[in-house]
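To convert, count from 1 in the sequence shown and add 17; that's this note's numbering.
Hints were generated in silico from the structure; no laboratory data involved.
Even glycine gets a Cβ: it sits at the ideal position worked out from N, Cα and C.
There could be a bad hint or two in this list.
Stated by the list, open to error - Okay, the calculated beta carbon distance ranges per label pair:
| # | residue 1 | residue 2 | range |
| --- | --- | --- | --- |
| 1 | S391 | E129 | 56 to 62 Å |
| 2 | R379 | R409 | 30 to 36 Å |
| 3 | Q352 | E330 | 32 to 38 Å |
Stated by the list, open to error - Below, a list of computed lysine-lysine pairs in the DSSO-like style, where the Cα atoms sit at most 27 Å apart:
| # | residue 1 | residue 2 |
| --- | --- | --- |
| 4 | K74 | K213 |
| 5 | K222 | K366 |
| 6 | K323 | K333 |
| 7 | K213 | K223 |
| 8 | K223 | K333 |
| 9 | K74 | K222 |
| 10 | K222 | K336 |
| 11 | K323 | K223 |
| 12 | K223 | K336 |
| 13 | K336 | K323 |
| 14 | K366 | K400 |
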Amino acid sequence: MSEYQRYEFMTIDQPLTRAQLDEVENLSSHIEANSTSAFIEYNWGDFKHNPIKVLHKYFDGFLYWANWGSPRFALRFPHGVLPDDLLHDYRCGKNVTFTRHEDYDILHFNFEELEAPDEWIEYDLAGLISIREELINGDLRSLYIGWLASQPLLDEDSYDDSEEDEWDEEDEWDEEDEKEDNSNQQEEPDQQEPRKAAEVPPNFKKLTAAQTTLANLLQVPLEILAAAAVHSRDVSKTGASDDFAAWIDLLPQERQKDYLLRLAHNEPGLHLRLTEELRTLGQPDTQGSTSANAEIPYATLLAESKEIRARHERAKREKLERERHQRLRNIQEHQSDYWLQVDQAAQSKNAARYDEAVRILRDLREAARYFDQSDEFQQRFRKWLLPYLQLRRPGLMQRLRANGFPISES
């Protein structure tokens, strides 16, 4: 396959209406869509619309990847559910942006510069979409993963003045939709100077399945994740569950009436706003009362990751050496059994069995060298070889010579 591109969209808060689904189905002849998702594959050609604008208008999640890399992952949130300064501690230039609009806000992980790994890996949006709920609940580990992924890409080209929602110079989009999008937009994405150090969020030692998938998608090395985890605090949730039944009584009557009225009008994301307000009322002491998180420069993490990799490789070598020692000791302690196997294989007059005989002889020779018994091995080998020299087995002799065994027919 010379070229492969995959676009995937998903709704969470509410399904598409019939009219919206009709519009989505008309976006591409390659599209497979239903009321909760849309999927597009290209082996040739490309999607002619701006996927971030498609996300903004219809969906809550978006994922793109190609066989050459360039992964993109974006989430839509009802406006105001996430704080305006969401990326204050995790500024990544254009690689991770948070764009606020009057109706919805868009968080965009954009790693177009990232090349595909050597190993072919397929990703689907279902494996990432729970990050949306995690962020709504204040879990910022995915943002930190984005920050880690962006650091190797940070250079002058990473911070140009391009718009966050640019995709293609020939972005086909209805003029009316364009006007609507511009009228809703409140602020440009945060393009402040990227941070060279960032706070390690709590509980980074154990990532969720979606966070692990995001780290794989963005190719964050395992040793970098491990280095960051060392600096992360373990924080347990206060309370077994949210007591919404009790907290609803803390909500003023006028607020309760307001939520009911907005519910009747089917306001998107209303349950998220209600949940956030109830938690604020019911858990006032947990808001902002946590200890400070460690702020670690990426350069420090990189140095520590090299130490972690060195320790891992050393441990791997030691494990392999222990396994080799055990294998060779077993051979050395059961030499008679192995020599019997050599004899049985060599007597068969079969090429495959000759190969087996030579393989076992190599193991016996390696064990003898390891335990400093090479002279004993050579004596036994010459004694074993003598009858086969008389029987003239050219196939066996050829294999023995090719593997460095001394053959003297005189």
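In rising order, the numbers of the hints this structure does not comply with: 2, 4, 5, 9
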